[in-house]
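Colleague: Chains as they are written, first to last, in our numbering: chain A, 1 to 112; chain B, 1 to 115.
Take these hints with a grain of salt, some might be off.
A few chain A residues facing chain B, derived, Cβ under 10 angstroms [as the list claims (entries may be wrong)]:
no., residue
1, Tyr36
2, Leu100
3, Gly103
4, Leu109
I should point out that these hints are in silico values taken from the structure, not numbers from a laboratory. All C-beta atoms in this analysis are idealised placements derived from N, C-alpha and C, irrespective of residue type, glycine included.
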Amino acid sequence: GDSVTQMEGPVTLSEEAFLTINCTYTATGYPSLFWYVQYPGEGLQLLLKATKADDKGSNKGFEATYRKETTSFHLEKGSVQVSDSAVYFCALLDDSSYKLIFGSGTRLLVRP
Amino acid sequence: DGGITQSPKYLFRKEGQNVTLSCEQNLNHDAMYWYRQDPGQGLRLIYYSQIVNDFQKGDIAEGYSVSREKKESFPLTVTSAQKNPTAFYLCASSPRDTYFEGGYTFGSGTRLTVV
Numbered sequence: 001g002d003s004v005t006q007m008e009g010p011v012t013l014s015e016e017a018f019l020t021i022n023c024t025y026t027a028t029g030y031p032s033l034f035w036y037v038q039y040p041g042e043g044l045q046l047l048l049k050a051t052k053a054d055d056k057g058s059n060k061g062f063e064a065t066y067r068k069e070t071t072s073f074h075l076e077k078g079s080v081q082v083s084d085s086a087v088y089f090c091a092l093l094d095d096s097s098y099k100l101i102f103g104s105g106t107r108l109l110v111r112p
Numbered sequence: 001d002g003g004i005t006q007s008p009k010y011l012f013r014k015e016g017q018n019v020t021l022s023c024e025q026n027l028n029h030d031a032m033y034w035y036r037q038d039p040g041q042g043l044r045l046i047y048y049s050q051i052v053n054d055f056q057k058g059d060i061a062e063g064y065s066v067s068r069e070k071k072e073s074f075p076l077t078v079t080s081a082q083k084n085p086t087a088f089y090l091c092a093s094s095p096r097d098t099y100f101e102g103g104y105t106f107g108s109g110t111r112l113t114v115v
C-alpha cells in the first residue's frame, strides 16, 4: 500500500540556520503531496501542497518540490526562527479513498 | 469563519466508562475523519466517513464507535473496550470530489486522560 517515510527527529537548529526535512513516498500513480505543521497542544495546519510532478509548494518561507523521479517531497527553509519549532508531517493523498496517509512526523527545535 | 470545532479540549475518564468526543464542522465538507496521536508518534486513522449515514473502519477501530447522522457532525465514542485510551484525538474534514487539492482541515484536538 501507499506509504510515507520521514526522517526521524528531533532536528535541532540554531536560529537562521538552513532547514531540510526529508520525505519520500511509495504510491501507485501520482498522488497529491502535503506538508502539515503541528504546534504544541494544537491540531495540524496545512503548510503547503503540490499536486503534480515538478510543482513547488511554498508558504511562510517554507518550500517543497514534488520530485517524481526520486519520489520525494523534502521540506526546506532558508532561515529558521524560534517560532518554527513544531512537529512537521509529510502526507500523500490516496485519491481512490480520499484518505491522507501521514508520515510519522519530525520534531523541529530551533534555539535562539 | 468556517472550521472544525472539537470539544472538550481536555477530558478525564474513569476506567470502565464510555466517553464521547464531539466534532462539528461548518465547511460543508462531505468527508470526516478521526485520528489518534500518541506522544512521539504519528497519526493513526480510527474511523472515517465519506457521506452521511456511512462510515468505515480505519487502522485502529477496535474499542471505538462513531455515527454520522448529520453532515456537520461526527462524534467518536471511546468505549471501555479500548485498552489504552489515553491519547490526543484529532478530527478532520475534507471535500470529496475528483479534483481535490485542498488537504484536510483539522480541529484543535481533544486530550483524553484515563484516571
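Colleague: Confirm or reject each hint.
Modeller: How the hints compare with the structure:
1. The restraint placing Tyr36/A at the interface with chain B holds, with a minimum CB-CB distance near 8 angstroms, inside the 10 angstroms limit.
2. Annotation: interface hint on Leu100/A holds; nearest CB of chain B at approximately 6 angstroms, less than 10 angstroms.
3. For the restraint placing Gly103/A at the interface with chain B, the shortest Cβ-Cβ distance is roughly 6 angstroms, inside the 10 angstroms limit, so the hint holds.
4. For Leu109/A, the interface hint is violated, the least distance from its beta-carbon to any beta-carbon of chain B being 14 angstroms, above 10 angstroms.
The structure fails to meet hint 4 from the earlier list, while all remaining hints are met.
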